[in-house]
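Chains as they are written, first to last, in my numbering: chain A, -16 to 172; chain B, 521 to 1079.
Take these hints with a grain of salt, some might be off.
[As the list claims (entries may be wrong)] With a straight-line Cα cutoff of 30 Å, these simulated DSSO-like cross-link-like pairs (lysine-lysine) come out:
id : chain 1 : residue 1 : chain 2 : residue 2
1  : B       : 868       : A       : 164
2  : A       : 163       : A       : 42
3  : A       : 155       : B       : 571
4  : B       : 971       : A       : 145
5  : B       : 971       : B       : 1023
6  : A       : 164       : B       : 706
7  : A       : 145       : B       : 930
8  : B       : 1037      : B       : 790
9  : A       : 42        : B       : 1075
10 : A       : 163       : B       : 790
11 : A       : 110       : B       : 995
12 : A       : 163       : B       : 706
13 : B       : 571       : B       : 955
14 : B       : 1075      : B       : 619
15 : B       : 998       : B       : 594
16 : A       : 116       : B       : 995
17 : A       : 42        : B       : 930
18 : B       : 811       : B       : 1076
19 : B       : 930       : A       : 114
Bear in mind the hints are in silico, worked out from the structure with no lab data behind them.
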Amino acid sequence: MNRREAIERVALLMGGAVIGSEFFLSGCKPAETQVKDLFDAEHVAYMNEVADTILPDTKTPGAKAANVGQFMAVMVRDCYTPEDQKVFVKGLSKLDDACDKKFGKKFMACDAKQRTALLVQLDNEQKEYNKVKKPDEPNHYFRMMKELTLLGYFTSEVGCTKAMRYVPIPGKYVGEIPYKKGDRAWALV
Amino acid sequence: MANNTYDAIVVGSGISGGWAAKELTQKGLKTLMLERGRNVEHVKDYVTASKAPWELEHRGSRTQQMVDDHPVLKRDYVLNEANVNYWVNEKESPYVENKPFDWFRAYQVGGRSLLWGRQSYRWHNSDFEANAKDGIAVDWPIRYQDIAPWYSYAEKFAGISGNRDGVPILPDGDFMPPMDMNIVEKDVAARLKKHYKGERHMIIGRTANITVPHEGRTNCQFRNKCWLGCMFGAYFSTQSATLPAAQATGNLTLRPFSIVTRVIYDKDTKKAKGVEVLDAETNKTYEYYAKIIFLNASTLNTAWILMNSATDIWPGGLGSSSGELGHNLMDHHFRIGATGTAEGYEDKYYFGRRANGIYVPRYRNLNGEKRDYIRGYGYQGRAGRETWSRDIPEMSIGGDFKDELSEPGKWAMSLGGFGETLPYHENRCYIDKDKKDKWGLPVLAMDAEIKDNELKMRIDMMNDAKEMLEAGGLKDVKTFNNTYNLGGGIHEMGTARMGRDPKTSVLNEWNQVWDAKNVFVTDGACMTSAACQNPSLTYMALTARAVDHAVSESKKLNV
Chain A
-16 MNRREAIERV ALLMGGAVIG SEFFLSGCKP AETQVKDLFD AEHVAYMNEV ADTILPDTKT
44 PGAKAANVGQ FMAVMVRDCY TPEDQKVFVK GLSKLDDACD KKFGKKFMAC DAKQRTALLV
104 QLDNEQKEYN KVKKPDEPNH YFRMMKELTL LGYFTSEVGC TKAMRYVPIP GKYVGEIPYK
164 KGDRAWALV
Chain B
521 MANNTYDAIV VGSGISGGWA AKELTQKGLK TLMLERGRNV EHVKDYVTAS KAPWELEHRG
581 SRTQQMVDDH PVLKRDYVLN EANVNYWVNE KESPYVENKP FDWFRAYQVG GRSLLWGRQS
641 YRWHNSDFEA NAKDGIAVDW PIRYQDIAPW YSYAEKFAGI SGNRDGVPIL PDGDFMPPMD
701 MNIVEKDVAA RLKKHYKGER HMIIGRTANI TVPHEGRTNC QFRNKCWLGC MFGAYFSTQS
761 ATLPAAQATG NLTLRPFSIV TRVIYDKDTK KAKGVEVLDA ETNKTYEYYA KIIFLNASTL
821 NTAWILMNSA TDIWPGGLGS SSGELGHNLM DHHFRIGATG TAEGYEDKYY FGRRANGIYV
881 PRYRNLNGEK RDYIRGYGYQ GRAGRETWSR DIPEMSIGGD FKDELSEPGK WAMSLGGFGE
941 TLPYHENRCY IDKDKKDKWG LPVLAMDAEI KDNELKMRID MMNDAKEMLE AGGLKDVKTF
1001 NNTYNLGGGI HEMGTARMGR DPKTSVLNEW NQVWDAKNVF VTDGACMTSA ACQNPSLTYM
1061 ALTARAVDHA VSESKKLNV
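Next comes chain B alone, as it looks inside the complex (with noise of 0.2 Å):
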């Protein structure tokens, strides 16, 4: 039994788990994180990451055999040959769409921590008043002056790269310096500026990959292949940047093969004891015991973990008393946009591989604006050279064709958007107890979608690319609106909110569950509205926040 105690338990090992461990850790607590996927070594287990292009047997593409092993992640370009180690496997780990849903999940130590698109944007205070202001699902407890502090420590630590551009709507953080525009969109950005008269503004990404060396992680060497690992920690994962610090407090136990399938409720304290794991190796299980646990199984995960906690008190389980536990299902809806081509730039190239395009802020339903629909949305996207893949209907086969094919081709430039879903009590997800996984634990079924809010915006996010292209003085523009099913931006957000209100929300204002305040959830399940900025900044920050106030309040024996 005693060595199965600790002072804390994380449940996850991904962006928000890792900064748990970290935190917790570094305050001197003997930490143990829990893993449901293998262990990924730092560089050592970057199978693919130094590998030339013709190293791969299919040069990236993917195999029948890739295809038949997940049906859910053929759906988009996430999957290839060069990562597909990294996902999960879906036949073991099935989950049931009554409404199509992109669920695409990664079971290993460092989680989706490897595979993130680095995107790192703080939120505005008008961002955590919307939902009050507009009267909709709940007002988040906190504020923007709660959350910067919080926000500076973990760009500190993280490392992000980007430019104090000064846009009133996208707070500016602690960078390290930006990643260059390329000359087509400095050009852009600037005819954008006067076009709009400074009302829209096209900005070099923020990104955490770092570009001074920081923490003894080397400095981006613009190779571009980020989501295979980085040899040299480059880009914020948990192994280059929290497991590393949390180790060096040696306060730090891993366990790998870790399903945590409840957490131990006790009701005369009213508090959790622990959590009970499934060893997805053995099947034997075990009980771990802390006074602080933090749930960073991801959105949908930490969900069912509740769902399947105290649910002799609660049938629905911990954190259900509120009847918003699964709900309020959000992500980022996207694969909207426009391209291009540029002309007058045939004597200008560009030199290395930037992981990192341009950003347009949010502009839509500010300073008074109001449009058929709520919220607003921004773009990413970038300019460059197309590649021997393009088009070249005039040539056919041949030496000249060969040598055309080999120089790069004509400039483009493509703007794509992310906009803000709305926080609907009946997008949800919940057990289905008919559907078991390899292990015999019942399946998440999903059940959400995009609804009339959403599809008003997608007008303007396709229509205003087009328009923004042009005034930037790209010829040609042809817009895109592809396929979109909640989930696919990997964003996923909401089923366990904070709120001010245990009747109306499932964690407090420092992501404690109201009805087991030493269960924390700092993941994207606590998330109360999803704005459309990129999401795990804030996450890193709102954990920071919940630990500090875990331990301090440990100290005081509150928690």
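Bound-form chain A, shown alone (with noise of 0.2 Å):
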């Protein structure tokens, strides 16, 4: 990549602050801590359930299919600050206990729909957590996890190669090719 547009990328392209560019821009933090320590696989199956509720199979696979949950312990464990780690931990609890309080039962119990709606309230909460939240106030946890659920997932082999177009060597560059809605956008820029 021209390093002019790497630039270009995280503060247009990538639209600023949003999903997965911090990871670019500010980088991932200390953690000492390894996966098995923060995650069993029942977290991650948990994870990717809550990652596929976010990306759900459509006419293409979910995030399930590409073993979001799986990616988020990882970045989890390596990327994130001790301070995140915690949010994050919690936040697998405290997103059931949102569940229990609105259906009474756990996430995993819930059906699809139940999910969904439960998901949309925690996006809207952490949409508005953010519009006030202070740079040394602590992240939102369901931010946290669509963050790595949208970067898992379009930079995994099912979101490059099904949900979007992957061509490894284009060969050449045409700067105009028509375009209609519900053609999938090229994996990479």
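Now that you have both chains on their own, put them together as the hints suggest.
And the structure:
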């Protein structure tokens, strides 16, 4: 990548402070804990279901098919500060608590419709929270989950080759081709 | 002793060092190229170049370990999971910042030629005249006509793609076919031409990516992964271009892990005899001898070597008799500009990943215009459609959200300025004897910053970007002005400037150290001013020119 373009990508195409871009800008932070200390297989399965509710199967496979739960575990282990790790891990129970309050049962016991309703609610909550959040205040756990889900999915083999179009060696550049709504995006820029 | 003697020694293997080695060996000189870092073999060692995004564990993101290991590189986007192995180990090689200074180093064969941005622009004659006209610093000892044939020479071998745009301030070169602008860039360029009545131009970038096969290299495949190393050899680097050419002569010896600690100066002949090398792996010291020595260690490390050399004669080092060694440190200031979105192109897209953008050549302070600062700036930018990472405030989560993000978003365009910094005597680096690197060598301290002229220029850089995007038809235009530290442009220049007088400059018109005429400096250290164009093409041309002079003088026994 041309490094000029990298700036633009971060500033513009990646949408500034939006999902994923902070990893490119500020980097991931210290973490000493192993995945196994933070998460077990049950957690990964749970995170896969959360991710799959954020990005479900449509005409293309969803986040679970890309094993985004595992990706989240790796990223939280290697790239999050201890503070963010705590927020994230606590967030897994908070999410379940919110679910229990709303539907009287755990997230894993809910059907797809209930899961979606809950996560729409949590997404609104994190959006409101971020509107007034000060830089030194903790991140919202659901924003983390959503960010990691998008980054994990759209850089996965499933996301790149099924949801989008992946051309490893384009061989040429054509500055104008027709586009119609519904055509998938190129997987890389 | 005999085994340690060569016709020429080149210190450094980046863009200018590679060129020096190619030119010297092709002229028949047995040449030793010294590189302080490890070897990186073309293609074989480009370990991430052919990986798909999902084959990187963190998908390119930085880990805690990377951030810990790179306290300076972490400041900017340049460091990522895919190219981390190409950047210096900052714990082994610290430096001191009296004022914030971003020094992004790559210690390996090929240096930063593997990582560079590849934008390649000639200077204009007015750039060489500027210091004299403004009465600042010292005059360049050369003019455009001195370097023009060498620009052609460098372009023809390196392979620069570009359009012959006929923009007066930005001389056309010997180009390969240009890359395409996309539809939005084309339309914006046309609108700007009309709006500014031909006084401002938006052109396709001129880049060292070959667009037709050349010298055994495959043309660009539009993968946009240049700085991982290219298995097609499609962008100019030491590995893809100058090193194989030098090796083909049979005259090159490449020695990695070789830290040059000083030039060995002979006060009787007033010339250098050779260099002293500290082996970075064994910590053993060696001496190598040659008639001709090229210092291409990159601007600041070249200054460091000179400061460490001949200190028994000159306490400040070889070249310090002028009082200018280490001074006049420059860069290009940037991280400022504007972005906007384009409407009416929803039925258009593009194919391929173009490792190049558009360029707006300098237009300020020309043709009699006088702003409240001197010199000028150019812009780089591009238009494209937003990706999955865009914000869609009206959507939350779920299937529609996913399907929407799987499609391209709005068209957007950005312009980012690159401004000239002036050569201030007080902007300098020096050796801090109190701090040592892994090998016990004293490190550099940086004491430099941008000043009033640059700060005033930045106001124009930001406002003009907005004005031009709006004139180009973009909507919702927003400016940005991010923190910039000197050095962050990764265009370090100055510290051993060329000039006409040994009392005020370190090098003469042929890049020879005044105080040791067989020592040549042709990396960024030699620059007398910075202009606003990306500098590497000028280093290539100056290097080829200097080697030509060195060898012809050597034959006449003048060197």
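We went through each hint and held it up to the structure:
1. Between residue 868 of chain B and residue 164 of chain A, the direct Cα distance comes to roughly 10 Å. Compliance with the 30 Å bound is thereby established for this hinted pair.
2. As the CA atoms of residue 163 of chain A and residue 42 of chain A are separated by approximately 17 Å, the hinted pair is consistent with the 30 Å bound.
3. Between residue 155 of chain A and residue 571 of chain B, the direct Cα distance comes to roughly 19 Å. Compliance with the 30 Å bound is thereby established for this hinted pair.
4. A C-alpha spacing of about 51 Å is found between residue 971 of chain B and residue 145 of chain A, which places the hinted pair above 30 Å, so the restraint is violated.
5. The hinted pair formed by residue 971 of chain B and residue 1023 of chain B meets the criterion: a straight-line CA distance of about 26 Å does not exceed 30 Å.
6. About 23 Å separates the Cα atoms of residue 164 of chain A and residue 706 of chain B, which keeps this hinted pair within 30 Å; it holds.
7. Only pairs whose Cα atoms come within 30 Å are accepted, and residue 145 of chain A paired with residue 930 of chain B is accepted, the gap being roughly 21 Å.
8. Proposed proximity of residue 1037 of chain B and residue 790 of chain B is supported: the alpha carbons are some 8 Å apart, at most 30 Å.
9. Note on residue 42 of chain A and residue 1075 of chain B: the hinted pairing is violated, with a Cα-Cα distance of about 74 Å set against a maximum of 30 Å.
10. Pair hint residue 163 of chain A plus residue 790 of chain B does not hold up; C-alpha atoms about 72 Å apart against a cutoff of 30 Å.
11. The suggested pairing of residue 110 of chain A with residue 995 of chain B holds, with an alpha-carbon distance near 25 Å, which does not exceed 30 Å.
12. Taking the CA atoms of residue 163 of chain A and residue 706 of chain B, the gap is about 21 Å. The hint holds against a cut of 30 Å.
13. A distance of roughly 40 Å separates the Cα atoms of residue 571 of chain B and residue 955 of chain B; the hinted pair therefore is violated under the 30 Å criterion.
14. A C-alpha spacing of about 46 Å is found between residue 1075 of chain B and residue 619 of chain B, which places the hinted pair above 30 Å, so the restraint is violated.
15. Of the supplied pair hints, the one linking residue 998 of chain B and residue 594 of chain B holds, its CA atoms being roughly 26 Å apart against a limit of 30 Å.
16. Restraint check: the Cα-Cα separation between residue 116 of chain A and residue 995 of chain B comes to about 29 Å, which is no more than 30 Å; the hinted pair holds.
17. For the hint pairing residue 42 of chain A with residue 930 of chain B, the CA-to-CA distance comes to about 23 Å; that is within 30 Å, so the pair holds.
18. For a cut-off of 30 Å, the pair hint linking residue 811 of chain B to residue 1076 of chain B stands: about 13 Å separates their Cα positions.
19. For the suggested pair residue 930 of chain B and residue 114 of chain A, the alpha carbons sit about 24 Å apart, so the restraint of at most 30 Å is met.
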